[in-house]
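Visitor: Chain residues, written in single-letter form:
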Amino acid sequence: MQKFSGLELLRRALGGHKSWQPQWRNPDPKPEYDAVIIGAGGHGLAAAYYLAKEHGITRVAVLERGWLGGGNTGRNTTIVRSNYLFDESAALYEHSVKLWEGLSQDINYNVMYSARGVLMLAHNIHDVQSFKRHVHANRLNGVDNEWLTAEQCKEFCPPLNISSMRYPILGGALQRRGGTARHDAVAWGFARAADARGVDIIQNCEVTGIRRGADGAVEGVETSRGFIRTKKIGVSAAGHTSVVMAMAGVRMPLESYPLQALVSEPVKPAFPTVVMSNTIHAYISQSDKGEMVIGAGTDAYTSYSQRGALHITTHTLDAICELVPQFRRLRMLRNWGGIVDVTPDRSPIIAKTPVPGLYVNCGWGTGGFKATPGSGNVFAHTIAKDAPHPINAPFTLERFRDGFLIDEAAAAAVAH
Amino acid sequence: MLIITCPWCGARPELEFRYGGEAHIARPADPSTLTDEEWADFLYNRTNPKGLHAERWRHVHGCGRFFNAVRDTVSDFFVVTYKAGETRPDIAGDQAK
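The listed protein sequences correspond, in order, to chains G and X. If you number the first sequence the way our numbering does, the last residue is 416 and the count never jumps. If you number the second sequence the way our numbering does, the last residue is 513 and the count never jumps.
The hints are simulated quantities; they were obtained by calculation from the structure and are not laboratory data. Just so you know, even glycine gets a beta-carbon here, dropped at the ideal spot from N, CA and C. Take these hints with a grain of salt, some might be off.
[Stated by the list, open to error] Derived Cβ-Cβ restraints for the label pairs, each shown as a range:
1. X/R434 to G/D144: 32 to 40 Å
2. X/I507 to G/T208: 46 to 54 Å
3. X/D506 to G/G216: 26 to 34 Å
[Unchecked claim] Covered stretches of chain G (chain X as the covering partner; in silico rule of three or more C-beta atoms under 8 Å from a C-beta of chain X):
4. 294 to 306
5. 309 to 316
Work out the full structure, taking the sequences as your base and the hints as a guide.
Guide: In structure tokens:
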């Protein structure tokens with residue numbers, strides 16, 4: 001791997017930038033691996049990276065039906081935060097935020113993590129009580145989150161309209177360490193760093209079946225590029241998790257919904273932070289390119305179509321226009337959909353499954369991007385040790401059988 | 417926006433309807449006899465197929481009645497809608513159970 005640095009950039013600039021190598025190989029699948037990850041999104045690539053880095057397992061393949069980072073990793077609104085209510089979630093998302101803070105150095109790739117703050121707005125008494133409860137719970141868990149009055153919200157984010165709207169802003173919860181990161185760079189950076197440690201990233205390779213032995217344990221995966229033998233399979237397939245798990249005969253507590261996002265035309269820096277509002281269904285931040293990145297909600301029905309209805313988008317834009325009146329004249333440039341896998345309690349599943357050798361990391365719903373490094377990190381631990389890390393130990397499949405739900409519906413952004 | 421055909425009222429825009437999740441999941445007659453696995457399967461596990469999906473809809477801003485539909489989750493195309501209580505129509509090429 002060619003190390004990226006300012007000096008290196010200067011040196012190669014003198015040579016006309018002709019000596020850069022491809023950032024990762026494009027290998028053919030080998031007949032056998034120690035572990036196979038299904039899905040080369042951020043979570044899958046991160047898991048492969050940490051398998052190689054922290055557990056010394058480098059004979060790893062990451063199989064991707066399309067191209068790496070082409071699913072929800074490249075479709076989300078790139079928000080990072082950890083202000084979740086319950087102890088289990090706070091530990092998981094905080095683990096991730098801590099990894100975000102050193103990630104660019106760790107993988108030698110600028111993921112453009114920008115801790116510009118995430119401000120969640122309260123518009124009614126219930127919001128105020130709920131967010132204050134979050135602030136206190138977070139404080140007890142060592143997660144930064146503070147209460148701002150409406151005036152303080154306005155001071156922190158001047159474009160906000162706090163009063164002349166149907167649901168005036170009563171205050172907000174601000175996590176200053178939250179922010180955004182560059183989604184493509186996260187996929188590319190993890191891919192490059194994993195590849196450098198020997199991981200094979202195999203794109204355009206669709207998994208068509210999971211082969212199991214007489215004892216029920218996995219023996220390998222059938223793919224569009226032939227059979228690959230392995231004793232450990234990590235499923236990291238986001239919206240298609242139910243489809244992949246059905247190949248091994250496992251029914252999942254998941255439903256897949258389209259989630260939409262859109263960006264405006266690029267403008268000069270005009271919006272300093274990330275603002276989210278559950279109540280009026282809006283969230284918005286400005287990318288480094290200058291586009292306003294806006295997240296809409298999920299459609300009501302399950303779908304794999306990767307597109308959603310227009311009324312979902314216009315509903316969000318109505319709210320944005322009230323919240324930030326100056327954006328009424330912005331034109332929207334693109335909108336798109338991704339398929340998100342939603343669990344009944346809106347918390348993820350990072351766990352072993354009833355099938356020996358089969359592991360699953362799924363159920364991130366509408367908010368998986370923020371967890372990318374942390375999720376990959378504990379998923380790699382689960383695969384390598386055949387046992388969960390203490391942080392993901394509560395996020396089992398069996399919690400639905402045993403009644404230990406981690407009900408984060410209130411914390412899960414705006415979509416539910 | 418989807419156009420959905422209510423079996424009682426005819427074709428109407430999606431906004432008049434509310435989605436009701438997977439259809440034909442019968443509540444067990446005697447839950448106390450179920451194992452924890454079976455009860456969790458009833459409560460939480462869903463088929464979530466990529467392809468034809470039998471699902472419930474309710475015409476909340478119309479007749480108010482529940483009905484069922486078979487929809488292709490890849491194209492969102494409604495193959496058929498039918499009244500609650502009726503068995504799922506047999507559709508050629510349908511690989512789902």
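Visitor: It remains to establish, for every hint, whether it holds in the given structure.
Guide: Status of the hints after comparison with the structure:
no., hint, in the structure
1, X/R434 to G/D144: 32 to 40 Å, "holds (39 Å)"
2, X/I507 to G/T208: 46 to 54 Å, "violated (24 Å)"
3, X/D506 to G/G216: 26 to 34 Å, "holds (33 Å)"
4, 294 to 306, "holds (count 6)"
5, 309 to 316, "holds (count 3)"
Checked against the numbered hints above, the structure breaks only hint 2 and satisfies the rest.
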